[in-house]
Amino acid sequence: MDKFIEYLESEFEKIQTESEVRKQAFEDFKSAGFPTTKHEEWKYTNLKNVFQNSFDSHAKSDLTAEEIRSQLAIYQAVEANILVFLNGNYLPELSKIVSADKDLHIQNLSQPNEISQKHFAKYAPAHEAFVALNTAFANGLLLKISKNTVLEKPIIFHFLNDSTQANPLLQVRNLIVLEKSSQATIIENFVSIGQNLSLSNLVSEIIVEENAQLDHYKLQNEGENAIHVGTTQIEIAQNGKASNTTISLGGKMIRNNLNMVLNGENCEAYMNGLYMPNGNTHIDNHTAVDHAKPNSYSNELYKGVLADKSTGVFNGKIFVRKDAQKTNAFQSNKNILLSENASVNTKPQLEIWANDVKCSHGCTIGALDEEPLFYLQSRGIPKEKARKMLLFAFVGDVLDRLKSDFVRNLVNDSIEKKLA
Amino acid sequence: MLKITNLQAKIGDKQILNGINLEIKAGEVHAIMGPNGSGKSTLASILAGREDYEITEGEVTFKGKDLLELAPEERAGEGVFLAFQYPVEIPGVSNTNFLRTAINEIRKYRGQEALDAVHFLKLMKEKVKLVEIDQALVQRSLNEGFSGGEKKRNEIFQMAMLEPSLAILDETDSGLDIDALRIVANGVNSLKNKENATIVVTHYQRLLDYIIPDFVHVLYKGRIVKSGGKELALELEEKGYDWLK
Ligand SMILES: Nc1ncnc2c1ncn2[C@@H]1O[C@H](COP(=O)(O)OP(=O)(O)OP(=O)(O)O)[C@@H](O)[C@H]1O
Ligand SMILES: [Mg+2]
Numbered sequence: 005m006d007k008f009i010e011y012l013e014s015e016f017e018k019i020q021t022e023s024e025v026r027k028q029a030f031e032d033f034k035s036a037g038f039p040t041t042k043h044e045e046w047k048y049t050n051l052k053n054v055f056q057n058s059f060d061s062h063a064k065s066d067l068t069a070e071e072i073r074s075q076l077a078i079y080q081a082v083e084a085n086i087l088v089f090l091n092g093n094y095l096p097e098l099s100k101i102v103s104a105d106k107d108l109h110i111q112n113l114s115q116p117n118e119i120s121q122k123h124f125a126k127y128a129p130a131h132e133a134f135v136a137l138n139t140a141f142a143n144g145l146l147l148k149i150s151k152n153t154v155l156e157k158p159i160i161f162h163f164l165n166d167s168t169q170a171n172p173l174l175q176v177r178n179l180i181v182l183e184k185s186s187q188a189t190i191i192e193n194f195v196s197i198g199q200n201l202s203l204s205n206l207v208s209e210i211i212v213e214e215n216a217q218l219d220h221y222k223l224q225n226e227g228e229n230a231i232h233v234g235t236t237q238i239e240i241a242q243n244g245k246a247s248n249t250t251i252s253l254g255g256k257m258i259r260n261n262l263n264m265v266l267n268g269e270n271c272e273a274y275m276n277g278l279y280m281p282n283g284n285t286h287i288d289n290h291t292a293v294d295h296a297k298p299n300s301y302s303n304e305l306y307k308g309v310l311a312d313k314s315t316g317v318f319n320g321k322i323f324v325r326k327d328a329q330k331t332n333a334f335q336s337n338k339n340i341l342l343s344e345n346a347s348v349n350t351k352p353q354l355e356i357w358a359n360d361v362k363c364s365h366g367c368t369i370g371a372l373d374e375e376p377l378f379y380l381q382s383r384g385i386p387k388e389k390a391r392k393m394l395l396f397a398f399v400g401d402v403l404d405r406l407k408s409d410f411v412r413n414l415v416n417d418s419i420e421k422k423l424a
Numbered sequence: 022m023l024k025i026t027n028l029q030a031k032i033g034d035k036q037i038l039n040g041i042n043l044e045i046k047a048g049e050v051h052a053i054m055g056p057n058g059s060g061k062s063t064l065a066s067i068l069a070g071r072e073d074y075e076i077t078e079g080e081v082t083f084k085g086k087d088l089l090e091l092a093p094e095e096r097a098g099e100g101v102f103l104a105f106q107y108p109v110e111i112p113g114v115s116n117t118n119f120l121r122t123a124i125n126e127i128r129k130y131r132g133q134e135a136l137d138a139v140h141f142l143k144l145m146k147e148k149v150k151l152v153e154i155d156q157a158l159v160q161r162s163l164n165e166g167f168s169g170g171e172k173k174r175n176e177i178f179q180m181a182m183l184e185p186s187l188a189i190l191d192e193t194d195s196g197l198d199i200d201a202l203r204i205v206a207n208g209v210n211s212l213k214n215k216e217n218a219t220i221v222v223t224h225y226q227r228l229l230d231y232i233i234p235d236f237v238h239v240l241y242k243g244r245i246v247k248s249g250g251k252e253l254a255l256e257l258e259e260k261g262y263d264w265l266k
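From first to last, the protein sequence lines are chains E and G. Heads up: the first sequence begins at 5 in this note's numbering, then just goes up one per residue. Heads up: the second sequence begins at 22 in this note's numbering, then just goes up one per residue.
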């Protein structure tokens, strides 16, 4: 681990930043240090082995423009803004922006701008090592959806990481602002090629201003050597509405931190998740919804299907601050273990300081029921197909919540492939 | 069609079937009666292929094949159908999608081409009418939130759709009001022909007024202790089971 920190120090010197925020962040990172399993929030996700490897911030890729373009064919069902990232770097020449700049403004995050001045590094927890490290190196885009704009065309981030030549280290940081009464659908799709390890440390900060509406999707379809630590921070102002759906189907080790802060009255927050690890994959979802003001609503549904020797973690925090009377918060986490060697740790964590609130939570862990399986088989459906039908039915209520048909089809296809 | 010879089965340490002999020919209707816990559902489940039981003795042939060697789905492919005593609810699987998959898997097993959407819907419409099942139920998730009677009726609807050669009805009559009973019986009777056979497991003569059995068997402690014609059911209705013990 020390060697890796030395590497990061030398890399940080190389970028020669003037930014006080970044310098401070790097200091914060060093004093926090990478979390170990002694850290309460990292009890079940052990990074020790990760840092015995070296990673490279400048990992090269041999992929041609054609090869990358051919990957984008999966999006052709919809007219969308497509932002392509290769090994953590934005590739404008392969990206496609179809919305008008007056509706959707996109620029490099490090380019000086009053929006980033106002919002950059203000929300995601600065004391957390990964967030601090990401802030120090922040490499990504600023997106602004203008006031009163209903952005019909979704924004797709195509995050491709190529580990054929080295162990890439990616530190993508995006800042997205949905101005007052605007509306947007944002999809982050993570894919990878290559047999080496990769380490992504991603932070997305999204500001949903008054009366704005966000539908955010995080789709994780990386290969079995990809390690991903990501923080999605969503700040919602009064009358704002946001949903995040995190679908994790592939990777070596995934840690998603999803924080939704309901900063005004009458906010709505939806957190939907589906994780389906197999092999030795580990998927850890830490979610937190923070009700700061009265009369808001949050609804969370996470489902897991765990096969082989895979492991899962779900930690769902609900905070209801003293001011947040009449909060209505609902949380559910359900898991199916397909093998005796698979396991999941699930923990709801409610901290409620207001007295007039409605909160409910529940979690289940079990095997796939034998009774329905036999029923389907007795009607002529072969066992494997029957299992697949039942698993689809289990994950169905998460998929039903996907508002975008395009995303639903994309996810359905990936799940089909996964279960095949 | 079906030949059961000295069938013995247990679950865990509990012996449930103690040597069952039964032969069923195409075109026949057999009623199986007997007190609670005598092993009726166990026999039905074993025929359908439930794996919880250990077969300790005996054999079962169906159309000349060793039935016990086949997986449940293969038995369905061969034409076995069990209307469950307690049909399970399966949220998230639509009745329609389920039936279409079932029909096409059975067709595949038999080397037939898949039924396309048009023909499937036509068939469904026809059978919905036959068993007078509410169209809304057919659209819903499989048995989810169905009343007891609705579940039973859905079993008969599935039977009508799949047209089995051996239908085993495990207490399909319990929980049905008299109208539903008549409809279920009509469904069974109209599907009956020279090529198929039916096993009706029941406690009540009421059903047998509509579905007239050729044979009635009494199961007691995992054995058939008496067989007879349809009059036997009337006798049981009158005298109960005590005189047979
Ligand atoms: N999974 C099981 N574990 C233990 N015992 C079982 C199991 N399944 C059935 N049995 C026992 O086997 C015996 C026969 O049960 P079965 O359900 O076949 O009876 P039945 O004749 O269908 O009764 P009923 O008329 O109440 O439906 C009962 O004593 C029952 O408790
Ligand atoms: Mg029974």
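Hints were generated in silico from the structure; no laboratory data involved. Keep in mind that the hints are not guaranteed to be accurate.
Simulated pairs of lysine-lysine, BS3-like, Cα-Cα distance not exceeding 25 Å [to be verified]:
no.	chain 1	residue 1	chain 2	residue 2
1	E	326	E	126
2	G	129	E	392
3	G	86	E	387
4	E	387	G	266
5	E	421	G	31
6	G	129	E	387
7	E	422	G	129
8	E	387	G	84
9	G	266	G	31
10	E	389	G	129
11	G	24	G	260
Exercise for review: Starting from the hint list further up, note which numbers the structure goes against and sort them upward.
Suggested key: Checked against the structure, the hints that fail are numbers 4, 5 and 11, while the rest are satisfied.
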